[in-house]
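Chemist: Take the given structure of chain A and dock chain B to it, following the hints.
Chains as they are written, first to last, in our numbering: chain A, 1 to 325; chain B, 1001 to 1418.
The hints are simulated quantities; they were obtained by calculation from the structure and are not laboratory data.
Fair warning: there could be bad hints in the mix.
Simulated restraints on C-beta separations [as the list claims (entries may be wrong)]:
hint: 1; chain 1: B; residue 1: D1297; chain 2: A; residue 2: V225; range: 32 to 40 Å
hint: 2; chain 1: A; residue 1: K321; chain 2: B; residue 2: D1297; range: 30 to 38 Å
hint: 3; chain 1: A; residue 1: G224; chain 2: B; residue 2: G1339; range: 37 to 45 Å
hint: 4; chain 1: B; residue 1: S1338; chain 2: A; residue 2: K261; range: 50 to 58 Å
hint: 5; chain 1: A; residue 1: K321; chain 2: B; residue 2: T1078; range: 53 to 61 Å
hint: 6; chain 1: A; residue 1: G224; chain 2: B; residue 2: D1297; range: 23 to 31 Å
hint: 7; chain 1: A; residue 1: P237; chain 2: B; residue 2: K1052; range: 53 to 61 Å
Derived pair list, reagent style DSS-like, types lysine-lysine, alpha-carbon separation capped at 25 Å [as the list claims (entries may be wrong)]:
hint: 8; chain 1: B; residue 1: K1132; chain 2: A; residue 2: K249
hint: 9; chain 1: A; residue 1: K249; chain 2: B; residue 2: K1133
hint: 10; chain 1: B; residue 1: K1119; chain 2: A; residue 2: K248
hint: 11; chain 1: A; residue 1: K44; chain 2: B; residue 2: K1018
hint: 12; chain 1: B; residue 1: K1403; chain 2: B; residue 2: K1311
hint: 13; chain 1: B; residue 1: K1144; chain 2: A; residue 2: K322
hint: 14; chain 1: A; residue 1: K249; chain 2: A; residue 2: K195
hint: 15; chain 1: B; residue 1: K1111; chain 2: A; residue 2: K321
hint: 16; chain 1: A; residue 1: K311; chain 2: B; residue 2: K1119
hint: 17; chain 1: A; residue 1: K221; chain 2: A; residue 2: K195
hint: 18; chain 1: B; residue 1: K1221; chain 2: A; residue 2: K221
hint: 19; chain 1: A; residue 1: K318; chain 2: B; residue 2: K1111
hint: 20; chain 1: A; residue 1: K214; chain 2: B; residue 2: K1111
hint: 21; chain 1: A; residue 1: K318; chain 2: B; residue 2: K1119
Each residue gets a CB set at the ideal place from its N, CA and C atoms; glycine is no exception.
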Amino acid sequence: MLYREALNKALDEMMEKDESVVILGEDVGFYGGNYKVTEGLYAKYGGKRVIDTPIAENSIVGTAIGMAIGGLRPVAEIMTVNFSLLAMDQIVNQLAKIRYMSGGKITLPVVVRMPQGVAKQLAAQHSQSLERIFASVPGLRVFVASDATTAYYGLKFAVSIDDPVIFLEHELLYHEKMEIEEEKNFSPYRARIKKEGDGITIVSYLKMFHDTMKAVPTVEKELGVSCEVIDLCSINPLDVSTIANSVKKTKHLVVVTEEPKTGAYADEIIYRVIEDTFYELDAPPLKICGEDVPTPYNRKLELMSIPTPEKIATEIIKWGKKHGI
Amino acid sequence: MEYKIIMPQLTDTMESGKIVRWLKGKGDFVEEGEPVVEVETDKAVMEVPSFKSGVLVNILAEEGEEIPVGTEIAVIETEPEKAKVEKREEKPVEKEEKGVKKVEKESEEIKVEVEEVKKIELPEGTASPAAKKTAADLGIDIKKYQEKGILPTPAHEKDVRELYYSHFFDKKALEVIKTYNLSLEEVVKSLKKEKITKKDVENYIVENNIPQIVPVSDIQKRAIENLKKSLEIPVYHIYEEIKTGNLPEIEGITLTTWLIKILGDTMQNHYRTRARIEGDVYKVYPNSNVCVAVAIDEELFMPVVKNVNRKNLRQIAEDLKTLKDKASNRKLTVDDLSGSTFSISNLGMFNILSFDAIIPPGRVGIMAVGVEVKGKTKVTFSFDHRIINGREAALFVDDFKKKFTDKKYIQKLQKEAK
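For reference, chain A alone in the conformation it holds in the complex (with noise of 0.2 Å):
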């Protein structure tokens, strides 16, 4: 199965079950989605159900909010995250306010799911990670989906319930061939453990991911200590303790993701986890991030601007060995 057809088969599952589920975005519906998402949706639910929007990222959002206030659950798509902000008034002043403005009177069960990061030389504009800014806007879930498993159940859980919910994909990963591991009581506010170990912990979600486990062997292999591999779920909120609880048995902390390094969301997981393991650490946390430069399109200049699994281990065996590990 690839990734894309996990989600394929939560909407699927999540339309069959509950006949307000309902799909709205730019060619989700008789094309299929431009990320062959919502494949074959259309031909079983219909045009009511699946429905193809003009160009109007702002309306999409917009329509989706009032969908679910006249008591629709919507699942709308944004091409990608860099076209999101086009659709940020709808996503900052409305959707994650109206409940609490109105006074819990009115919920809104609206997922948003987008694609982002860098894919294959797309540049500057297409190329961004953005998760930062909508995990700081209070009213907000925001989940991100590594692998099949968190993509299947990730995104029927947030159809599920009732707040708005941003739904994080990678770009890259949409042709990755995966299988879904069946989890009985699936959250997506629980981090899950990869991976485990008792040297190093690892922080990582979406491509990083897969990146940070194809570095593992390199590290372990030169430090001589097993390492953690943390994969999260949901991004706000934010499960401190999963990580926190590793940190206290390995005593390092390495945060690894794909945006640029300044005001990134890694500081926040580094700093909530310090918060409560301060006095068990044995080094200064890791934070291993993109550039501070808008994303080139030469494909080596591109490579450099992002981790990589060989940019990964280099900069953890370097900080270990300077660190005493």
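Modeler: Below, chain B without anything else, positioned relative to chain A:
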């Protein structure tokens, strides 16, 4: 001219594409720019055009097949008169495997190069929070030990723990711990003793069957590489017994020296024992160069005695001594180690009756020599079948054997050695 259509990269993230439908059949004429096939990418179904006009002569991918980017999928003949439409090969159709086929991906361990990293150095008294906490728990004054140079600055948790647990051991016990790379903490927790001696640690090692870590030396690594190459040699053996009891005793001339000389002389009459195989040719050398297995400590060297046919026993004995000295001092040069086509390995001095040996790469064969019993010595020849066949090898061995009973020849050698 043949023009091949390859699976194009149609989107930025595409790694492979699925053949949805062939729009042209074999033998069809295709105009430049005309679509030939429909391909499904990670994003959409797209048409792939031909960039040249001609006749579609061959289709290399089935409908439904997942093809990696860059792979040839069809052949167009641009000169139609030349076009010969190939018959379509009947491929077993995998009906069950609908949809995506697995595209093999390399899952190699990534390699990185990290330049020398210096540990950070800070003034005495500095330590990580974890180290401070552990030190407080264990009652260790970090600063005091840092001033003495026993703890590093800054100290990390591991350092403090090691220091604390090292107090349980005496000096000699610690040395053993170091050679076996044991965890102090584990040993203390397991032995539950206040004062641990060398003997305690040695008992612990035996009790838990802990291996000593012995690194493979560079020389041994090279030897292992060569042994792997030896495995590729198709080998057979010839077992014989030679009369070595008749050889006259000459001071300073060992049995090995005799064997080298007689072997070298025999090689002169059998050109294949002076040959080396390189691709499609044999290189036949005029001189008999014989290498001898020399064991120094636990390592094996194969220095070469050159031009054995042109040297007398005395000269060979001198060569042998020089080579052994060089081996002991690890001074053998590349030249000392190369150029031979035959080898000798002698385990007779260890009272071994007989054995067979592995041919070092690049040699025709090796002679394994056992101990002399009642004037007779068992020898086992291993030959590389690619260079020498059984008949030629048999003639060679027989010739070698006969030389030991050839009184005139032996006397001549004896005379030359004086």
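Chemist: Of the hints given before, which are not true for this structure?
Modeler: Of the numbered hints given earlier, the structure breaks none, since each of them holds.
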